[in-house]
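Number of protein chains: 4
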Amino acid sequence: MNAFTPEVQVAIARTRDEVARLHEELVRYELVVWTGGNISARVPGADLFVIKPSGVSYDDLAPENMILCDLEGSVIPNTPGWERSPSSDTAAHAYVYRNLPEVGGVVHTHSTYATAWAARGEEIPCVITAMADEFGGPIPVGPFAIIGDDSIGRGIVATLEGHRSRAVLMQNHGVFTIGKDAKDAVKAAVMTEDVARTVHLAKQGGPLIPIPQDAIDALFDRYQNVYGQQPAGVTK
Amino acid sequence: MNAFTPEVQVAIARTRDEVARLHEELVRYELVVWTGGNISARVPGADLFVIKPSGVSYDDLAPENMILCDLEGSVIPNTPGWERSPSSDTAAHAYVYRNLPEVGGVVHTHSTYATAWAARGEEIPCVITAMADEFGGPIPVGPFAIIGDDSIGRGIVATLEGHRSRAVLMQNHGVFTIGKDAKDAVKAAVMTEDVARTVHLAKQGGPLIPIPQDAIDALFDRYQNVYGQQPAGVTK
Amino acid sequence: MNAFTPEVQVAIARTRDEVARLHEELVRYELVVWTGGNISARVPGADLFVIKPSGVSYDDLAPENMILCDLEGSVIPNTPGWERSPSSDTAAHAYVYRNLPEVGGVVHTHSTYATAWAARGEEIPCVITAMADEFGGPIPVGPFAIIGDDSIGRGIVATLEGHRSRAVLMQNHGVFTIGKDAKDAVKAAVMTEDVARTVHLAKQGGPLIPIPQDAIDALFDRYQNVYGQQPAGVTK
Amino acid sequence: MNAFTPEVQVAIARTRDEVARLHEELVRYELVVWTGGNISARVPGADLFVIKPSGVSYDDLAPENMILCDLEGSVIPNTPGWERSPSSDTAAHAYVYRNLPEVGGVVHTHSTYATAWAARGEEIPCVITAMADEFGGPIPVGPFAIIGDDSIGRGIVATLEGHRSRAVLMQNHGVFTIGKDAKDAVKAAVMTEDVARTVHLAKQGGPLIPIPQDAIDALFDRYQNVYGQQPAGVTK
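Residue numbers (this note's numbering), protein chains in the order written: chain R, 1310 to 1545; chain S, 1310 to 1545; chain F, 1310 to 1545; chain Z, 1310 to 1545.
Please keep in mind that the hints were generated in silico from the structure rather than gathered at the bench.
Please note: incorrect hints may appear among the correct ones.
Chain copies aren't distinguished; within one or between two, either way the pair holds.
Lysine to any residue pairs mimicking SDA-like chemistry, simulated, CA-CA at most 25 Å apart [claimed, not checked]: (1) Lys1489 x Trp1343; (2) Lys1489 x Pro1516; (3) Lys1512 x Ile1455; (4) Lys1489 x Ala1322; (5) Lys1492 x Val1317; (6) Lys1492 x Thr1344; (7) Lys1512 x Trp1343; (8) Lys1512 x Asp1459; (9) Lys1492 x Trp1343; (10) Lys1489 x Arg1393; (11) Lys1492 x Glu1333; (12) Lys1512 x Ser1363.
None of these values were measured; they are calculated from a predicted model.
Bound conformation, chain R alone (with noise of 0.2 Å):
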């Protein structure tokens, strides 16, 4: 088989469960349709990812079947799953985990009115506090990039270092997210699709409401520090 040490193929089993069943999240929320969209999730301790084979059936997805890489985007050889293409977008999830190391998990949809948004080339403004608490401002938009090489990697890696959202529209395109794992990215995108719907319903119907910087800023803060349940050892 592999020369991997018995705590990486541990960690490689764990994050084939993670990415298989993450996908049905995707599905859950109506983020993609057919075969589209992908998710993809380091493996701790490790210059490797997993990720979704290419043009796979959403119904068809196992931990046997996700693809094993390294972070150039090579298939590992001779691991479960190899013998198929992995996911059209590998490059890109390659860059991201090659270029920015607090990364653990990448997600990408064509979810509809991110879309939309991506079509117009618009980012998403930050008008609702729900927006503000989850990515610290508007969601950005990431340049016309063509599939299959660097250029949606380096896209992604551009528009998001260093600012807070963890979601980015490529224009023309669709929505990339990242997060510190794999369920992380997946809530990014789920959010990312909820306020971009919300938003461009409010901006139907007439001017919308900014919420001012500072409140932005204090909402960001109270939501990456407080909400939510504490790691055990932390007193409440």
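Here the structure of chain R is known, so what remains is to put chains S, F and Z in place on it, guided by the hints.
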């Protein structure tokens, strides 16, 4: 455990069941995504309420992880679920229970169409009879308020006190609804999104026909007093 | 029990089953929320109809809690479900059955897009062939009318009598549809929302292309007489 | 029974299975309501195709009630399902199979957003990369045509012949898609509604950014030749 009387213990257990179960309605009616939104219910006969934990998946909600609070919003120690943080909107719920004694349930969502109205700070006009039935007039807008202290609670109470509507659109934020019990507040949340959507779509197509005030009054009166099943002992 | 003949008792039982079951279609097609909307069916061979109880959850509908009424809308005592109140729209259904003897079923919803047209008092123009097939022209608007007496029923009958359409948009209110039986009226309610949505969206994007009247006539005639399966004994 | 060779009998049985099953995808993606819409598939190795019966509920579709026709659209007598009428669009499907020998499947829907474009007679511009991938340019509009004779079929063939798009919006009517097999045509129907919705929403918000023609060409070429899994024996 606690110094609660057996009667209060039974009331707490029933309220935990009800609050956990009612969250399923928020999912069914697509009023929430991911871990957003929350429901609370006052414990009948006690200065207590039960609320959803913060940042926990809707798939994982159960009676035993609902959180018991006093009317200051403090978690009651050594009760089921107390090791978790309650909803980050707990202070707002507590403020409502302290100030509106007739309120038995509170619901908060970022449901799409209602939040779109909120992002414009625009009240929903009463142009459909179902809205006159349920809310007796427009759904009003409350102030922009920061999450985490009393300011949201104060905004809800100041807007709804003396108003027929059980729903308020908090500017740039989302919906809070109140009810005689939690189910009633959930119904108000469901109907708020339903009328927010219908009136949004109606307005897109051209001028709306207002409903005369006396007809609104008659519809509201009938629905509050005649609609549905009468309690046992009331002759038809 | 009752003085109904065995034949009528069988017809009542079948009608209860049908009315209870058809309510599931309103949920499936998302035409109703909470306890809104209602279906009734005339009992074949009797001056009776069966209707949904008022304010009861769709999860709790069953043949034995459907309510049997005479054509004045009065509940028949000592029949299953009679201890509950019938739908608050019962008077309107009864008026239709008294005045349109060919009608075997009536459906009422506040389905979203249709109600949006109703809030503007605007008929839905016949610009898609499926609408010509089903309704033979525009879906008309009936008057604003208060719930609870004959005024809704009068508005429905005055608008639909002699009209090809089996659906009417009651101004500021919602949809009433009629049919040769309850299933046919449910189909009309489903198709009303479908065309209300499609034509709403079409109109948002720019001018609509009208369908020539002779083409509407030909489509309506073909659909009413040729579409679907012929009764046994009709040669193809 | 019939004079079909054993090979053709097997091919017919497989085609019946496939056509019955694929109709579930139309329901899953909400492209159809009630009994609307239909799928057909050419029987490989025979001048035959299999199509949905007319006016039958999607819940009741099964391989044995699919209807076998020759390429003139005549039902083959004494085959399973032959006692029912085939889809009222059978003549259009037959015309396509007679005139486009490379087509193995045809799908027809009145899916909402696509039909909205059709009601304006407006082609869907190619402003998102998924549309360039799948259709290689805009989705064109075919003529207004009456149901029941060859005129719809002629309109489909005249519009799609030599066009990259596998989908056509028939004016005031709905969508027809073709594919190398029925699954491919279903995918085209799913993607048509997806891009119709996204581009509709994008256009509501302001001017769209066009995709340069050479980028459309490159995307279409890559997707048709590289995307997805290669047949066995093709080296990656």
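Here is what the structure says about each hint:
1. Lys1489 x Trp1343: between (27 Å within a copy, 17 Å between copies)
2. Lys1489 x Pro1516: Answer is neither: 35 Å inside a copy and 35 Å across each miss the 25 Å cutoff.
3. Lys1512 x Ile1455: between (30 Å within a copy, 23 Å between copies)
4. Lys1489 x Ala1322: Within one copy only: 19 Å inside, 38 Å across.
5. Lys1492 x Val1317: within (20 Å within a copy, 40 Å between copies)
6. Lys1492 x Thr1344: both (20 Å within a copy, 13 Å between copies)
7. Lys1512 x Trp1343: between (30 Å within a copy, 24 Å between copies)
8. Lys1512 x Asp1459: neither (34 Å within a copy, 30 Å between copies)
9. Lys1492 x Trp1343: This pair counts as both: shortest intra-copy Cα distance 21 Å, inter-copy 11 Å.
10. Lys1489 x Arg1393: between (27 Å within a copy, 22 Å between copies)
11. Lys1492 x Glu1333: Both, since 12 Å and 22 Å are each at most 25 Å.
12. Lys1512 x Ser1363: Neither: 36 Å inside a chain and 30 Å across chains, both beyond 25 Å.
Checked against the numbered hints given earlier, the structure breaks hints 2, 8, 12 and satisfies all the rest.
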